[in-house]
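Protein chains: 2
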Amino acid sequence: MKHDYVDIDTLKFLVYNVHQIEDLLNKERFSEYDKIALDIFIDSVKTFSDTALYPFIKEMDEKPSYFEDGKIKVHPQFENILKGAGEMGLVGAGYDFEDGGMQLPATIFHAAYFIMEAANNHVPGYLGLTAGSANLILSFGSRELKDTYVPNMLDLTWGGTMCLTEPQAGSSLSDVATMATPTDQDFYQMKGQKIFISAGDHQFSSNFVHLVLARIKGAPAGTKGVSLFVVPKNRPAENGNFIYNDAVIAGEFEKMGQKGYCTTHIVFGDNDNCRGWLVGEANKGLSYMFQMMNEARIATGRMGTAIASAAYFSSLKYANERPQGRKLNSSGQKNIEEEQTLIINHPDIKRLLFIQKAIVEGSLSLLLQTSIYVDKEITSDTDEEKEKYHLLLELLTPISKTYPAEQGIQSTSNAIQILGGYGFCFDFMPQQYYRDIRIISLYEGTTGIQSLDLLGRKITMKNGKALELLVSEIQQTITAASTFDDLKPYATTLLENLGLAQQVISKLMPHAMNGNYERFLADATVFMDFFGTIVIGWQWLKTATVAKQTMMDDDGNQPEEFYNSKIHTMQFFYTYELIKTKGLAKTLINDEELTIKVSKDLF
Amino acid sequence: MKHDYVDIDTLKFLVYNVHQIEDLLNKERFSEYDKIALDIFIDSVKTFSDTALYPFIKEMDEKPSYFEDGKIKVHPQFENILKGAGEMGLVGAGYDFEDGGMQLPATIFHAAYFIMEAANNHVPGYLGLTAGSANLILSFGSRELKDTYVPNMLDLTWGGTMCLTEPQAGSSLSDVATMATPTDQDFYQMKGQKIFISAGDHQFSSNFVHLVLARIKGAPAGTKGVSLFVVPKNRPAENGNFIYNDAVIAGEFEKMGQKGYCTTHIVFGDNDNCRGWLVGEANKGLSYMFQMMNEARIATGRMGTAIASAAYFSSLKYANERPQGRKLNSSGQKNIEEEQTLIINHPDIKRLLFIQKAIVEGSLSLLLQTSIYVDKEITSDTDEEKEKYHLLLELLTPISKTYPAEQGIQSTSNAIQILGGYGFCFDFMPQQYYRDIRIISLYEGTTGIQSLDLLGRKITMKNGKALELLVSEIQQTITAASTFDDLKPYATTLLENLGLAQQVISKLMPHAMNGNYERFLADATVFMDFFGTIVIGWQWLKTATVAKQTMMDDDGNQPEEFYNSKIHTMQFFYTYELIKTKGLAKTLINDEELTIKVSKDLF
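Chains as they are written, first to last, in the numbering used here: chain E, 3 to 605; chain Z, 3 to 605.
Keep in mind that the hints were calculated from the coordinates and are not lab data.
As the structure is a computational prediction, the values presented were derived from the model and not from experiment.
Mixed in with the good hints, there may be bad ones.
For identical chains, the list gives no copy identity; a pair is met inside one copy or between any two copies.
Derived pair list, reagent style DSSO-like, types lysine-lysine, alpha-carbon separation capped at 30 Å [unchecked claim]:
no. : residue 1 : residue 2
1   : Lys588    : Lys509
2   : Lys599    : Lys390
3   : Lys73     : Lys588
4   : Lys329    : Lys588
Sequences and hints are given; from them, build the entire structure.
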């Protein structure tokens with residue numbers, strides 16, 4: 003088979019042709035790069051993934067990280083991985099040159115992490131969380147915090163984490179209770195517990211830099227009283243030494259998947275000797291954390307897409323190698339004298355594969371679209387342009403997190419189904435990917451939380467301006483597609499779906515305006531499913547249009563089959579997936595209020 | 003909470019009120035039973051499940067069955083379980099009195115196994131396969147086979163299995179290659195390998211009776227040359243002794259779920275000393291096996307429903323105990339001074355719970371409906387009546403297997419989602435149920451195979467007579483529901499869906515008539531999803547109608563809330579699930595043929 007876990011040709015086609023990253027290389031920020039340099043970077047990440055990551059994914063599942071004597075032990079291969087990734091500069095790939103980074107476009111950063119995650123989804127979180135937390139310090143921390151912590155994080159000598167969740171609060175950040183007591187020095191005394199802290203400890207980094215949400219003593223209740231702190235595992239002491247900072251690893255959560263990626267429970271200040279340093283201003287912690295959180299949401303969607311990609315290719319390989327059954331003849335019978343056919347020749351197997359292809363490539367395209375908006379925001383020449391891309395990014399972030407999570411689960415389930423009974427067995431990979439991917443709809447805000455964000459905040463923000471901008475982007479795609487006769491029907495379908503979305507939103511908005519927010523948001527998750535499917539429909543039409551244009555212009559470097567496969571998969575998506583939006587719309591505009599004011603004794 | 007894993011009140015309401023088992027107690031076959039006797043049986047199974055099964059489900063996952071020194075070792079609790087189940091007569095619960103059985107209605111047999119499977123899905127397969135294989139011997143075997151094997155199977159001193167799958171054939175039974183060579187005595191020499199043999203061996207039964215599909219030397223190719231054999235692990239020898247029959251356990255398949263339920267690889271005749279005894283006539287093995295296979299398909303759907311039931315109640319318990327977040331006020335804000343609310347008060351959590359309730363109870367109702375047809379077939383007074391129920395049973399069997407499998411996976415996934423991050427952790431049960439249930443869509447014919455059976459055989463059988471009979475049954479429900487004003491709109495919706503099904507079938511049939519079977523069956527799985535959803539819509543309307551009638555007549559023994567919950571869940575099912583059928587219908591009548599004659603290089 004062509005691919006083990008990722009299709010680099012499609013990744014590059016999306017990055018260069020569909021999302022046209024090269025247009026951005028004219029910008030000052032990225033002027034050091036040309037396509038050749040980007041290709042070299044992507045290819046080097048692929049080589050690293052082939053050799054250091056992919057060969058170890060099964061073993062990391064079989065020999066999970068574990069908690070022993072107050073420490074977390076991870077798979078020994080992490081020593082090589084962290085060293086290699088540190089040397090390649092993967093943590094700071096997107097940072098400014100002056101911060102020791104490579105100043106690569108976010109789009110290329112995400113492409114690189116996508117490859118690594120498809121190779122081995124248990125690994126890149128260690129890098130990504132270090133990247134995100136160091137970036138928080140760079141964005142909002144003092145000079146001293148930057149100098150003390152960032153350089154060692156950049157080369158992965160130290161790890162970084164984000165500490166939000168507490169046992170009593172879960173998703174409800176209003177209820178964060180970790181306490182920071184001011185002292186007469188530059189630090190606070192920290193006390194509290196954080197759970198579900200990914201990559202919180204291991205034997206191959208000599209220190210961990212926890213970015214912790216906590217409440218300064220006397221701060222207002224709710225999210226308005228939440229501040230952000232750097233709380234290292236080992237803190238700076240005299241003579242450049244570091245001493246233990248009373249940040250105890252209290253245990254590890256044992257999980258059904260991603261077993262190589264540790265999930266820790268950290269207790270800060272059990273011996274009243276845990277120091278934290280405020281990042282930026284007091285009581286603004288949540289807004290700072292949301293820089294990292296938004297990045298982490300995109301990263302989580304990317305990770306889901308990557309796992310689904312790996313599962314897709316493992317099932318495609320099986321379908322291409324496994325003979326079973328025979329085609330039906332015109333009497334509806336099988337000719338048992340014939341050799342068995344490869345299962346990929348059965349339409350139902352093709353259907354299972356096309357759903358996967360449509361979800362994986364559609365999700366990847368959306369993630370790259372979102373990344374392009376990150377790059378366009380940062381390189382905008384005017385405030386207006388900056389705001390435009392910022393709003394588009396805000397609107398697409400919860401969808402970029404959720405569509406790959408929810409549909410990625412379905413996609414990976416299809417991979418199991420293709421293998422039949424073997425799909426359920428440890429001898430084959432789909433069952434592992436299926437267990438691994440199930441966390442994606444829970445990380446960094448569950449699907450329910452993302453959906454409240456989408457409908458409750460993003461759709462309504464700035465009087466619907468973000469939505470207006472998105473509709474305009476989608477309309478550009480519709481216009482471009484409509485110039486091709488064979489794409490026109492799909493362009494029309496997408497336009498109808500935009501109209502449907504408008505109808506649904508017009509039906510829901512009055513509930514918010516009338517102060518009935520519970521009703522407005524009751525089916526936010528259904529809205530996410532509905533709207534997310536339309537957005538992926540947009541990405542597929544865009545992809546198919548560029549594929550068509552590339553073939554017409556005869557300027558692609560792939561065989562015609564490659565471009566035809568994009569158009570075919572778009573058609574498949576429209577016929578088998580986008581068709582669901584009308585039903586979802588009916589659910590959304592239904593007025594029965596079946597989940598509101600219903601006694602819990604009905605269950 | 004009211005229930006740990008199963009709602010006995012709902013089970014009894016479905017058995018007695020909705021499906022009216024008592025009508026059948028007038029029949030000669032069941033005349034020994036009255037409602038009190040059935041209740042006592044059901045309650046005793048619940049007590050057995052509470053004490054012997056449910057307390058061990060987590061441990062069976064943590065300490066899986068394993069292969070050692072040519073034998074399978076299962077959890078030590080199986081000793082008590084098999085002894086208890088044997089004493090209770092659970093294997094032969096449905097057999098004739100004269101065969102040593104209890105001659106209970108199939109409906110009650112399935113209700114009992116449903117309870118046991120919800121308590122611990124790793125267990126009842128050992129009983130059920132023994133029941134099914136003994137029943138095959140009773141139905142088609144010689145007097146000698148019956149006398150030799152059945153009594154020890156009835157009390158679980160011996161286990162039984164069904165051996166169909168071979169490594170090179172998978173679902174393709176035409177390619178069964180296990181060979182049976184005639185001898186000049188009453189037995190055949192057996193040689194071949196079978197894989198995925200559930201409950202194939204363990205330390206607590208002294209013998210195993212394998213029902214094996216094999217080909218008698220010189221038999222025709224394909225399924226027409228397949229015969230059925232009894233191949234014991236230990237065979238009868240002189241003086242009433244038993245000696246080893248060269249049936250080697252070659253290994254166990256390690257699986258992501260149902261780890262307490264062993265899945266074995268058996269090699270017959272590696273030392274040319276494996277004897278098999280023909281069951282019934284030569285070359286008719288597949289038709290015999292399909293008696294057991296059809297029972298096993300219903301049992302598999304029942305197991306899926308049971309796992310989904312257990313997952314539902316584990317998430318319902320959590321939702322009723324976990325405080326998190328607050329309700330929104332009329333400004334769309336939360337009052338952070340308030341205590342956190344229980345998560346069950348959030349509409350999105352209610353939605354996740356109602357989907358589960360709708361799938362679990364809808365699936366259970368369908369399985370009981372199917373069982374009632376089994377009982378009606380066996381107690382029919384005329385051939386015409388017998389054929390009617392036989393056809394209904396044939397048509398509903400693949401749906402009863404598949405809807406609970408496919409939707410049960412979604413349902414169980416919702417249970418994880420309700421627990422948030424905890425749902426992914428080993429400390430809570432939903433992750434186990436999620437791993438356990440994933441096999442259900444693969445056992446006893448994958449969803450693809452069931453769907454080919456539904457559309458390719460059952461819908462078309464006897465010129466559509468089975469379908470005609472089903473439509474007539476559904477219409478009776480519609481008529482009954484229409485007498486209640488508040489149910490009428492749903493009755494109308496179901497009627498529309500029947501019309502839609504008719505349209506879809508009329509659109510598809512010409513492909514079969516024109517000999518284009520590949521086109522006819524390409525989207526059989528989509529048809530299964532479509533048609534299965536309508537069938538569950540029927541079961542919900544029936545349930546709601548009976549609930550309504552029971553309240554009107556004031557003759558129920560449950561509080562009004564109980565009956566209202568059925569009506570409410572029906573409404574929920576219609577609004578959130580049945581609404582999907584129109585989209586599926588559009589996919590089905592689409593003419594693009596996107597999965598047919600497509601090069602496999604498009605992937």
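Consistency of the hints with the structure:
1. When the C-alpha separation of Lys588 and Lys509 is checked against a cutoff of 30 Å, the pair qualifies both within a copy, at 11 Å, and between copies, at 25 Å.
2. Taking the closest pair of Cα atoms, Lys599 and Lys390 never come within 30 Å of each other, the shortest separation being 39 Å inside a single copy and 45 Å across copies.
3. Taking the shortest alpha-carbon separations for Lys73 and Lys588, neither the intra-copy value of 52 Å nor the inter-copy value of 56 Å comes in at or below 30 Å.
4. For a Cα distance limit of 30 Å, the shortest separation of Lys329 from Lys588 across copies, 25 Å, qualifies, whereas the shortest one inside one copy, 39 Å, does not.
The structure fails hints 2, 3 (numbered hints given earlier, in ascending order).
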